[in-house]
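Following the hints, position chain L against chain D.
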Amino acid sequence: MKNSLRFAKGVAAAVAAAATLALTVPAQAEVDFSGQTVEWWIPFGEGGGSDVWARFYAPYLSKYLPGQPNVIVRNVPGGGSITGTNEFVARAAPDGLSIIGTSGSTQFPYLLGDSRVQYEYADLEPVLVSPTGGVVYIPAHFGVADASELGKLMGTELIYASQGATSLDLVPMLAFEVMGLNVRHVFGMTGRGDGRLAFERGEANIDYQTSSAYLTNVLPLVEAGDAVPLFSWGVLDAQGNVQRDPTFPDLPHFLEAYEMVHGPISAYGIELQAYLAFFGSGFAAQKPVMLPNGTPDEIVQVYRQAFIDAVNDPDLQAAKGDILGDYEQAVGDDVAGVYAAATSIDPVARDWVRTYLSENYNVTLD
Amino acid sequence: MLDTLFAALLGLLTFQHMGFMALGVILGLMVGILPGLGGIVGLSLLLPFLYGMDQTSALAMLIGLVAVIPTSDTFASVLMGIPGSTASQATVLDGFPLSKKGQAARALSAAFSASLMGGLFGALVLTGFVVVARPLILSFSSAELFALTIFGLSMVGVLSGSNLAKGVAAAALGLAFGAIGAAPATGEYRMEFGWLYLMNGVPLVIVALGLFAVPEIVDLLRGGSSIAGKTTLGKGWIEGIKDTWTYRWLALRCSGLGAIIGAIPGLGGSVVDWIAYGHVVQTSKDRSQFGKGDIRGVIAPESANNAKEGGGLVPTLLFGIPGSGSMAVFLAGLILLGVQPGPAMAGRNLDVTYTIVWSLALANVIGTLLCIVAAPGIARLTTIRYTLVAPFMIMVISFASFQATRSLYDLIALLVMGIVGVLLKRFGWPRPAFLIGFVLATQAERYLYQAVQFYDWGFLTRPLVLTIIGLTVISVWLGARKKPGEKAASVNTEGTSELAQAGQVWPQLVFGGLILAAFAFVFWESYGLSQLGGIFPTWVAVIGFAATLVALLPLATGRLETTANFDAETAKRESDVKGGAWAMLAWLAGFVGGVALVGFFAALMIFFVVFLRTMAKTSWVKTLLLTLAAGIFMLTLARALNLVMPAGLLQAQFNLPWPFR
Chain D
807 MKNSLRFAKG
817 VAAAVAAAAT
827 LALTVPAQAE
837 VDFSGQTVEW
847 WIPFGEGGGS
857 DVWARFYAPY
867 LSKYLPGQPN
877 VIVRNVPGGG
887 SITGTNEFVA
897 RAAPDGLSII
907 GTSGSTQFPY
917 LLGDSRVQYE
927 YADLEPVLVS
937 PTGGVVYIPA
947 HFGVADASEL
957 GKLMGTELIY
967 ASQGATSLDL
977 VPMLAFEVMG
987 LNVRHVFGMT
997 GRGDGRLAFE
1007 RGEANIDYQT
1017 SSAYLTNVLP
1027 LVEAGDAVPL
1037 FSWGVLDAQG
1047 NVQRDPTFPD
1057 LPHFLEAYEM
1067 VHGPISAYGI
1077 ELQAYLAFFG
1087 SGFAAQKPVM
1097 LPNGTPDEIV
1107 QVYRQAFIDA
1117 VNDPDLQAAK
1127 GDILGDYEQA
1137 VGDDVAGVYA
1147 AATSIDPVAR
1157 DWVRTYLSEN
1167 YNVTLD
Chain L
3 MLDTLFAALL
13 GLLTFQHMGF
23 MALGVILGLM
33 VGILPGLGGI
43 VGLSLLLPFL
53 YGMDQTSALA
63 MLIGLVAVIP
73 TSDTFASVLM
83 GIPGSTASQA
93 TVLDGFPLSK
103 KGQAARALSA
113 AFSASLMGGL
123 FGALVLTGFV
133 VVARPLILSF
143 SSAELFALTI
153 FGLSMVGVLS
163 GSNLAKGVAA
173 AALGLAFGAI
183 GAAPATGEYR
193 MEFGWLYLMN
203 GVPLVIVALG
213 LFAVPEIVDL
223 LRGGSSIAGK
233 TTLGKGWIEG
243 IKDTWTYRWL
253 ALRCSGLGAI
263 IGAIPGLGGS
273 VVDWIAYGHV
283 VQTSKDRSQF
293 GKGDIRGVIA
303 PESANNAKEG
313 GGLVPTLLFG
323 IPGSGSMAVF
333 LAGLILLGVQ
343 PGPAMAGRNL
353 DVTYTIVWSL
363 ALANVIGTLL
373 CIVAAPGIAR
383 LTTIRYTLVA
393 PFMIMVISFA
403 SFQATRSLYD
413 LIALLVMGIV
423 GVLLKRFGWP
433 RPAFLIGFVL
443 ATQAERYLYQ
453 AVQFYDWGFL
463 TRPLVLTIIG
473 LTVISVWLGA
483 RKKPGEKAAS
493 VNTEGTSELA
503 QAGQVWPQLV
513 FGGLILAAFA
523 FVFWESYGLS
533 QLGGIFPTWV
543 AVIGFAATLV
553 ALLPLATGRL
563 ETTANFDAET
573 AKRESDVKGG
583 AWAMLAWLAG
593 FVGGVALVGF
603 FAALMIFFVV
613 FLRTMAKTSW
623 VKTLLLTLAA
633 GIFMLTLARA
643 LNLVMPAGLL
653 QAQFNLPWPF
663 R
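The listed protein sequences correspond, in order, to chains D and L. 807 is the number of the first residue of the first sequence in the working numbering; add one for each residue after it. 3 is the number of the first residue of the second sequence in the working numbering; add one for each residue after it.
Bound-form chain D, shown alone:
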């Protein structure tokens, strides 16, 4: 008897709750994830840069989402991150319980118009964008003291140890091309660490490393007088202008270095536009977090706020170390501009890159 009474009460409460919920939906639904699980899709395997980044953020996201849901990282590896992202856009429900974090390797095939890509970045709802940066350096024996002396290298054949023409190393490839350097790319490296080893062995003589790897592994070489930094890739401000990398305030960014060599830029030619699109996608706005197409605005706002709070959390700031570096995380209203930089390209610039890749490296993307 007592039990059935409790049951009846429970049903009544549930009906009442449902009724309130139904009534409030058209106005302002109170988003609450209590007791639920948010799946953070990562289209890469365990242990990569994106995986570490998501696992680092997950507990803070959980802390600041209403109702403190359990936030778990779900790895969906394969197909160079195209597979997992395709699956996300096909299957994830727009209920705020599925989010995805991608990387430059996911954005590049999209920007290049790869036919295997089934995701449309413009349809997704960005809520956070994490930038990263890097520094280009050469051996000291060239006698080039800084970027302003790059002219000395114009006749020399340089060698760069690359992960592949359509990998993230497309950015340095375009940068060297734009700069007018004569660089031979040797492919098949399995990571930037491989490239650094090739540099240290003297096999390659121009290289870049992301900021944290540069600080731990290359700076000792610079201090020992074996390597010389040329320029950083730079970062994008909220207006989409390239600025110096906060980690390396004394180094010129790429555009400054370009001007040191070629004089002031009057207009952005097609090649520079192409470079800037891939630079944005691969570095300045490398890792966006997005909600599925059609997610209600309340939920998007709740996520934006949660990431604002997470980034301001003193614990996160204390623990971020090399994972986020000194880069300003784009949150709140800053997201849209930076996200656009990562995920859009002028069609003419795209065609130029595609032609460049197919003529020089036999790359076909259809």
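The hints are simulated quantities; they were obtained by calculation from the structure and are not laboratory data. Where is the CB? At the ideal position from N, CA and C, for every residue including glycine. Certain hints may be false.
Claimed, not checked - Computed footprint of chain D on chain L, listed as stretches where at least three residues anywhere in the stretch have a Cβ under 8 Å from a Cβ of chain D:
(1) 175–183
(2) 404–411
As the list claims (entries may be wrong) - Calculated from the model, a selection of chain L residues having no Cβ within reach of chain D, i.e. all distances over 12 Å:
(3) 12
(4) 167
(5) 189
(6) 248
(7) 295
(8) 421
(9) 509
(10) 522
(11) 559
(12) 592
(13) 626
To be verified - Here are some, though not all, of the chain L residues that point toward chain D, as calculated from beta-carbon distances under 10 Å:
(14) 141
(15) 328
(16) 330
(17) 335
(18) 338
(19) 561
(20) 564
Frame of chain D; chain L shown alone:
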């Protein structure tokens, strides 16, 4: 340095730190026992818990897990004939025959003691070597790495059994399979049929399970009894330890080999066991028992694969370059803990490195003891009727397979590789040679291309390259030397050909024809590529085609006494099931088909019920209990890993709740 070393030990020896290490070791033990699951899965299980842990405890836990896996994966290799992980494939060759002879206890204790020796040696290497390793690691460029892949490939010679042509052809087939996916030099896609899945090639774990696990399961099912048959585990615990002591120099040599190969970034740990196995065969006087249950064939790979972990930590810590998949996840753990690997690990952060060293040493001791304690219980599995064990094995290997991309394609790949494995085994094409080719394909091509790019063909005259090539020549010569009337050092990995000489050769000719067609296809596919992208598969196809022709020619011309004549179906079986191997493969195919229809979890449940009722003929109660046990096990593991299991047509139509999603 010594101060730091002992300070690190004292720091580690607290109740809390040791507790976390024990946790890592126990988890590693469990993951290692399950065939196909290794460090990647184990470490992934631990990653979510790192948040908020103190550094020493977390390192102890991670290393505890890494250290014990190459010890505990021996169980599956010795007891089931299934490689426990990609690092203990070679252990199967002699470990499993020993087990069938009723000497499982001896094989296991020899393996564990050899593992312990290797593990401690690896920790020792890490202690001293990490301080001076930088220039040494830098001296291994693409040129030296290419020479090392050639050294690895030369092991095909000792694993070819009595017919070298078949061994070479099998290795070429492995190389061709390994060439699927993006070409290292140009990024062009080869033989991927436009499928996104094949873009990165076929995952190694699937190839290893398909080649070794599936044929073994099929065979054991046809046998109808338990693995151990009428024999027992035996009482060889002390004998096994004595064996390791007798062959202590061999174990030490192989530990050194393992540590060095592990420490060279770029070669990957998956060939260490084969190289150690090849080494012991080449350097032994009496080779008659290899492949039939020689204890040295267990000691060599087991000491090497454990030492490899210590070696593999050197480049991971010093350069931030992971030597293997599990090291990549370990590296991620380090970064989450706020440790950035780099030169400072041998300087400013030496204390962290030495915490890792001690964890590795202590975890090896704890892990070995636990394995010995757990062994009698685990070994009892081999006395269970195999029809009851098989569905669990199929469950575990498919689970391990779909870790690769979490999709149905992984299971299809497993089925395809399984069929290839069954056929290779039946017709006596050495599967280890295939595997070595597969593992080294990408490396061989990549490093050759890079070496030529960086050094031109002059790379062949680099001193270290010449040294490695010299070593290769010596090792091949050691293997080939023989007294008059004796056979060269070569292990019949698929059984003795004399026992399998067939009168009816058409099945062999059909299979050989298929292989010829495969090589022709590879040649044709490579033709449309750029020169850099196509040159490697072209040569593989030419060599493979020629070797296959040499192997088939005597058969086609009716000379049946040749060693190439091999059809395991000729030998009479004590018992068999209706339909033979194909019927057993049909079960696997049926399961994969079920996954395609209703998704992994539902298909698994249905498969268990149907298989247990029809094949094992168990009562309904027992069937349901076993199915329930499997379901709970799978759900626990999947939950812990945050997995959504491969989906089928049903899931494409309806949004179902987990675990059916």
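Hint-by-hint comparison with the structure:
With 0 residues carrying a beta carbon less than 8 Å from a beta carbon of chain D, the region 175–183 of chain L misses the three-residue requirement, and the given coverage is violated. By the rule of at least three residues with a Cβ nearer than 8 Å to a Cβ of chain D, the coverage given for the region 404–411 of chain L holds, with 4 such residues. No beta-carbon of chain D comes within 12 Å of the beta-carbon of residue 12/L; the shortest separation is about 27 Å. Against chain D, the non-interface label of residue 167/L holds: every CB pair exceeds 12 Å, the least being about 31 Å.
Its closest Cβ contact with chain D, about 5 Å, brings residue 189/L to no more than 12 Å, contrary to its assignment away from the interface. The non-interface label for residue 248/L is consistent with chain D: the shortest C-beta to C-beta separation is roughly 40 Å, beyond 12 Å. Non-interface status of residue 295/L relative to chain D is upheld: no Cβ of that chain comes within 12 Å, the nearest being about 38 Å off. Here residue 421/L stays apart from chain D, with its beta-carbon at least about 22 Å from theirs, past the 12 Å limit.
Every Cβ of chain D is farther than 12 Å from the Cβ of residue 509/L; the closest lies at roughly 36 Å, confirming the non-interface assignment. No Cβ of chain D comes within 12 Å of the Cβ of residue 522/L; the nearest lies about 24 Å off, and the non-interface call holds. The Cβ of residue 559/L lies farther than 12 Å from every Cβ of chain D, with a closest approach of about 43 Å, so its non-interface assignment holds. Chain D leaves residue 592/L outside its interface by the beta-carbon criterion, the shortest separation being 25 Å against a cut-off of 12 Å.
Consistency note on residue 626/L: stated as away from chain D, and its beta-carbon is indeed over 12 Å from all of that chain's, at 30 Å minimum. Checking residue 141/L against chain D by beta carbon gives a least distance of about 8 Å; that is within 10 Å, so the hint holds. Proximity of residue 328/L to chain D holds as hinted, the smallest CB-CB distance being about 9 Å (cut-off 10 Å). With 10 Å as the threshold, the beta carbon of residue 330/L comes within range of chain D, its nearest partner Cβ sitting at about 4 Å, so the hint holds.
Nearest Cβ of chain D to the Cβ of residue 335/L: about 8 Å, under the 10 Å cut. The hint holds. A hinted interface residue such as residue 338/L counts as satisfied when its beta carbon comes closer than 10 Å to some beta carbon of chain D; here the least separation is about 6 Å, so the hint holds. Contact between residue 561/L and chain D, as hinted, is not supported at the beta carbon level, the nearest pair being about 44 Å apart and thus beyond 10 Å. Because the smallest distance between the Cβ of residue 564/L and any Cβ of chain D comes to about 41 Å, over 10 Å, the interface hint for this residue is violated.
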